[in-house]
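Novice: These are the residues of each chain, in order.
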Amino acid sequence: MPDVQSTVLEFVNKLRKRKIEGSQATAKCTVELLRSVISQQRVPHSNQASALIDAVKAVGEQLVAANPVELAVGNVVRRVLHIIREEDLSLATAAMAGLDLLDASDDDGEDDNCKGVGYSAMSAAVAAAAARSTLRPPSLQTLLEGTPESAAVPYTSSSGADSESKTADKSSITRKLKHDVIEGVNHLILEISGCHEQIAEQAIEHIHQNEVILTLGSSRTVLEFLCAAKEKKRAFRVFVAEGAPRYQGHLLAKELVARGLQTTVITDSAVFAMISRVNMVIIGAHAVMANGGVIGPVGVNMAALAAKKHAVPFVVLAGSHKLCPLYPHNPEVLLNELRSPSELLDFGEFSDCLDFGAGSGSPLLQVVNPTFDYVPPSLVSLFITDTGGHNPSYMYRLIADYYSADDLVM
Amino acid sequence: MDPRRGPLAVPKVRRVGFFTSIEPSPETPRPNRSLSGPAEAITSSSPLSDSPSGQFISPVQIPPSRHHSDNLASRAAPVPVPGPSAFRRQLANDRALHVGSYNPVDSLLGTSPPSSNGEVSEDSGSLFGFQRSDSAKLSASFPNGGFDMTMRVRAPQESEAKVAIASTSDGRKKNVEASERHYQAGEGESVAAKPRKEKETKSLKEKTSKAERRAIQEAQRAAKASAKGEGSKRAGESSRPKPSKPAKQPQPKKEAPQVTSSVSEKRAVSVEKERRMDVPQTQMQYDDKSRVDKAKRRSVVEQTESKNKVELFLHLPQYERGNQLPNLSSNIFSLDTIHHAVYKVGLQHLAGDISGDNARCIAMLHAFQEAINDYTTPPMKDLTMDLTAKINGYVSFLIECRPLSMSMGNAIRFLKNQIRKLPVDLSEPEAKASLCSEIGRFIDEKILLADKVIVQHAVTKIRDGEVLLTYGFSCVVEMILLYAHEIGRKFRVVIVDSRPNLEGQKLLRRLVTRGLDCTYTHINAVSYIMGEVTRVFLGASSIFSNGTLYSKVGTACVAMVANAFSVPVIVCCEAYKFHERVLLDSICSNELGDPDAIANVPLRNNKKHSKTMDNNKNLQFLNLMYDSTPAEYISMIVTDYGMIPPTSIPVIVREYRREDLLL
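Chains as they are written, first to last, in the working numbering: chain A, 1178 to 1587; chain B, 56 to 718.
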């Protein structure tokens, strides 16, 4: 436990100092940390699920507080919580089903049965129960049944299971829950690291011959997406806006050129001038909000506005870990981060202009250097996630698949 | 919202359009206008008041004194019809009423101490990268004959309008007035009648026979002569001893046609032809191989084409920069065709030492002045023809150095028209002096004075507590901001900048040292900062007659974002930059800068990268210099003719530019 605590602290420090950048890297690190938290968490006999949830939440709160702007952390924590809840639920329903079926069987039999149900035969009743407890699309039947006791189900059932089989199977069930959760988390890690390929697979459907594509900033997803189309022998041209003040566009351009794509670097100010000759704008998101709004590298909003003006499709690529279940309020300010002014102005160069003694004493010169930009959903034409393409208006629904409603507020 | 919108210029704008359209006849309002344009500036400021003795009057220190000039407009103009100037005066008064305590008159009249003025004007002198003391020479070169006359007319008004101009600059002021008057009396009328006549001849040409046309012309000429008789009587009374141009200039024009009307006809046709030629020829398309080759053979500057051209911009010259400069500057002593002043300006353009449209244009005009001064007509050649050819050569050299801006193109057209207009019987020194003074007048009136008028107009749009955003560096906008600060407005400035030129830093430095509250950011953050901005002030390189603003790249982005945030966009542009071409996008007509400026990113680890990537065929760097902002993003254009919507650009181009530039 102290071991975990120290790694958590280390990671928090890294987040706080912005040592980890990019939502994918952050997400990956977060999941791995949470996995170790879960695996080291000692679970009590009763209410193991809630204990796990509490532990993950505690760590998650620290992480989110360390970098509230990096929404991927919160997303991943919520995903893990969701996994725990789901696994707990499926275990519980399986246990209940098993009890119903083989009331008089011995422990071993029940254990086997449990496994069997858990993995293979989810009966209709179980599915309905699961649907009730999560944010799964409510079927008409469940709606009509009424009184879906969403939060109550897992706890009562697990305690019920406890009371039903008080004997020796407790530890095995506990171990099983943890085991399943870790399985689920591993799955999540695979998903996060594999989201590029999933998204890139769809490139061929969206990029045609001789297309002119504009992108902005540097995103690995975009890189893979474009290269996937290139590998399929599509010839197209890419304009890369350099993305001041970090100029990551240059990095992207170099990578694209290294892979043989026809690339032109333009200044950010030329985005409007060039957009009329562009067929599609493709950007990688930093985060996608539940309303379909996008938080992306600074300057994205300008490109989106220009694209709207010229009716150019504005496509956002986002892995599932970037889907955030929150609805933004004033995201330009609240979900933004101001970086060092030295990226824009040389301190030494302007020190002679700044006479703080004169006048009111307040600095006359301010430098604003935001990191992110918010694109309202009305400017986005299409989201491409690892599950396919979606409208901005559909994002809330898609996002609901990944998170459970209890975790939205951490 | 309401108080913000209060003094917007909508009704005024309408009236501007109104008077231009009902302008009863070219003769009546013109003297009024051409007088009042400068007159306003004169009463309110002294354009050439940078006296050589070092006593400076701020260029933006303009006590408006609108009511006085209102009186003046009606007094100085003998015509009862309220000319445009009177309209404008009235507008100004209206505005003064609307604006209430914001009216600069209250805070300004005669209050500015000369000490602070000195500071300002020093800076504004360096605004354009050179000292304006040239204007002293210039005004001195004007014939002094007009002096008495202006004294007579202006004396009462002068004493009445207590303009805060030091007595030392009085003489200079009179000189200016003299020059204005001389301009007006000398050519205003003869010039004025011409386009109309031509238009008519042109339209009549198909239907009428030669005799009929001749009759019509005679009638027109008679009418014109009588009108002029009146005018020149007025002007001539006091200017009789004056031996110089104003009295002289109209004469040959009047006489020549009277001798034989066929000559005049020919002349009219030829002018028509020349004018047709003068319609801005389409820019050279650099993907046209044969023409490019032809141009190359003639060229002085040997530009190496960049290896990695952007395909979309093959029609524009894409050269590598920086390698030919030392070569060229060593050539400066072995020049044969290009005058050294022009050569110098060309190299400065090439090296980017002079940037900014006004500065470039002024530098070019000064170089032309010098070149004309040093010019001697070769034997057996006509001054008009030869000088035009010379100027053409200079211009093509300048184009080789850097494509001309639209404003420079307009200035060159003006100069060529002046050369063409030169009376045949003028001796060479006289012709040269006249040309030089015309150039000087152009600079003073169309650029420097225009800026001051724009400042006057624009500053009424700045109020306490506002947050003004500007993009890049525009000297007019700088003057506006400084002036507004000087008259005590409390506001904040947001300067948006972009690579590769980072001109905003220049502006930032100047504003911060003056004590303005500034926020600096880059263009990507413009939608972050736009939420707190209340007004956007933009400079312009040119405005096309479909209202499209052609300006430094990024302007369109700023205007677009401002539009999205419902922030009014105010464009400040001198009317001489207006252009009758139309433009839809930023691709067809543009200028490409040095691609290396893009490639060299201010990041340590990237530098070597880009070097190794340089010869990769797939990687190009595109350094666009300009972009075009659609008219719909522009709320208002502040120009020397007042504040107008972008839809009025063609009207201004039609009604004013014709007279000022073409004839």
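Please note that a few of the clues may not be correct.
[Unchecked claim] Pulled a few chain A residues facing chain B out of the computed Cβ check, cut under 8 Å:
#, residue
1, 1427
2, 1430
3, 1585
It is worth saying that the hints were derived from the structure and are not from the lab. A quick note: this is a predicted structure, and the numbers were derived from the prediction, not measured. C-beta: ideal position from N, C-alpha, C; glycine also.
Novice: With a cut-off of 8 Å on the beta carbons, see whether residue 1427 of chain A makes it to chain B.
Specialist: holds, 5 Å
Novice: Per the CB criterion, is residue 1430 of chain A less than 8 Å away from chain B?
Specialist: Interface hint status for residue 1430 of chain A: holds (6 Å vs cutoff 8 Å).
Novice: With chain B as the partner, please determine if residue 1585 of chain A meets the hint condition of a C-beta pair closer than 8 Å.
Specialist: violated, 27 Å
Checked against the numbered hints listed earlier, the structure breaks hint 3 alone; every other hint is satisfied.
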